[in-house]
Amino acid sequence: MTKGQGFGFGLGKMKELAEAFKKAQEVQQGAKQLQEELEQMEIEGSSSDGMVKVFMSGNQEPLRVEIAPDAIAQGAETLSETVTAAMKDAYDKSTTTMRERMEELTSGLNLPGM
Numbered sequence: 012m013t014k015g016q017g018f019g020f021g022l023g024k025m026k027e028l029a030e031a032f033k034k035a036q037e038v039q040q041g042a043k044q045l046q047e048e049l050e051q052m053e054i055e056g057s058s059s060d061g062m063v064k065v066f067m068s069g070n071q072e073p074l075r076v077e078i079a080p081d082a083i084a085q086g087a088e089t090l091s092e093t094v095t096a097a098m099k100d101a102y103d104k105s106t107t108t109m110r111e112r113m114e115e116l117t118s119g120l121n122l123p124g125m
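If you read the sequence shown in this note's numbering, its first letter stands for residue 12, the second for the next number, and so on.
Derived by calculation from the structure, the hints in this document are not laboratory data. Note that the coordinates shown come from a computational prediction; the quantities given were computed from them, not determined experimentally. C-beta: ideal position from N, C-alpha, C; glycine also. Watch out, some of these pointers could steer you wrong.
Quick list of in silico lysine-lysine cross-link-like pairs, DSS-like style, CA-CA up to 30 Å [to be verified]:
| hint | residue 1 | residue 2 |
| --- | --- | --- |
| 1 | 43 | 26 |
| 2 | 104 | 43 |
| 3 | 24 | 34 |
| 4 | 104 | 64 |
| 5 | 43 | 64 |
| 6 | 43 | 99 |
| 7 | 99 | 64 |
| 8 | 64 | 33 |
| 9 | 33 | 43 |
Pair by pair, the computed Cβ-Cβ distance ranges are [claimed, not checked]:
| hint | residue 1 | residue 2 | range |
| --- | --- | --- | --- |
| 10 | 75 | 32 | 39 to 45 Å |
| 11 | 71 | 44 | 45 to 51 Å |
| 12 | 88 | 31 | 53 to 59 Å |
| 13 | 60 | 116 | 33 to 39 Å |
| 14 | 83 | 36 | 48 to 54 Å |
| 15 | 85 | 118 | 25 to 31 Å |
| 16 | 78 | 111 | 17 to 23 Å |
| 17 | 88 | 53 | 26 to 32 Å |
| 18 | 43 | 91 | 36 to 42 Å |
| 19 | 25 | 95 | 52 to 58 Å |
Produce the complete structure using the sequences and hints provided.
Structure, rendered in structure tokens:
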């Protein structure tokens, strides 16, 4: 090691490193808060005819299903298709919400893969 070079970190590099750690801590705290918010959300998905509604949290946890009496009268196969459509709608809305919130949290950080 050449005298005066230390580990190759100048004061500027140390400041950048400290700022990176600070940002990482902020993102970690924001991610924890976001997770709590997503757990409390109730996102509704519905079938195209509105006879079935599925409710999920913001992190895709199923919460409940509401089925109109008229949907039951349509028979098991049609009801199954209607419930599946409502589930897909709720899932799509939930994942979109999660993605949008994560993008807000990480905006400006230039994280790879985000």
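Hint by hint, here is what the structure shows:
1. For the proposed pair residue 43 and residue 26, the alpha carbon gap of about 26 Å is at most 30 Å, so the pair holds.
2. For the hint linking residue 104 to residue 43, the alpha-carbon distance of about 21 Å falls within 30 Å, and the restraint holds.
3. Of the pairs offered as hints, the one joining residue 24 and residue 34 holds, with about 15 Å between alpha carbons and a cut-off of 30 Å not exceeded.
4. Under the criterion of a C-alpha separation no larger than 30 Å, the hint pairing residue 104 with residue 64 is consistent with the structure, at around 13 Å.
5. Of the pairs offered as hints, the one joining residue 43 and residue 64 holds, with about 29 Å between alpha carbons and a cut-off of 30 Å not exceeded.
6. A distance of roughly 26 Å separates the Cα atoms of residue 43 and residue 99; the hinted pair therefore holds under the 30 Å criterion.
7. As the CA atoms of residue 99 and residue 64 are separated by approximately 11 Å, the hinted pair is consistent with the 30 Å bound.
8. With a C-alpha separation of about 43 Å, the suggested pair residue 64 and residue 33 falls outside the 30 Å cut-off, and the hint is violated.
9. For the hint pairing residue 33 with residue 43, the CA-to-CA distance comes to about 16 Å; that is within 30 Å, so the pair holds.
10. Distance hint for residue 75 and residue 32: a CB-CB separation of about 42 Å, consistent with the stated range 39 to 45 Å.
11. A hinted range of 45 to 51 Å is violated for the C-beta pair residue 71 and residue 44, which are about 18 Å apart.
12. Against the hinted window of 53 to 59 Å, the Cβ-Cβ separation of residue 88 and residue 31 comes to about 56 Å, which satisfies the hint.
13. For residue 60 paired with residue 116, a C-beta distance near 36 Å keeps the hint of 33 to 39 Å intact.
14. Between residue 83 and residue 36, the C-beta spacing of about 52 Å keeps the proposed range 48 to 54 Å intact.
15. About 45 Å separates the C-beta atoms of residue 85 and residue 118, a value inconsistent with the hinted range of 25 to 31 Å.
16. A hinted range of 17 to 23 Å for the beta carbons of residue 78 and residue 111 is inconsistent with their spacing of about 29 Å.
17. Between residue 88 and residue 53 the Cβ separation comes to about 29 Å, which falls inside the hinted range of 26 to 32 Å.
18. Hint check: residue 43 to residue 91, Cβ distance near 38 Å, so the stated range 36 to 42 Å holds.
19. Evaluation of the 52 to 58 Å hint for residue 25 and residue 95 yields a pass: the beta carbon distance comes to about 56 Å.
Comparing the model with each earlier hint shows violations of hints 8, 11, 15, 16; every other hint is respected.
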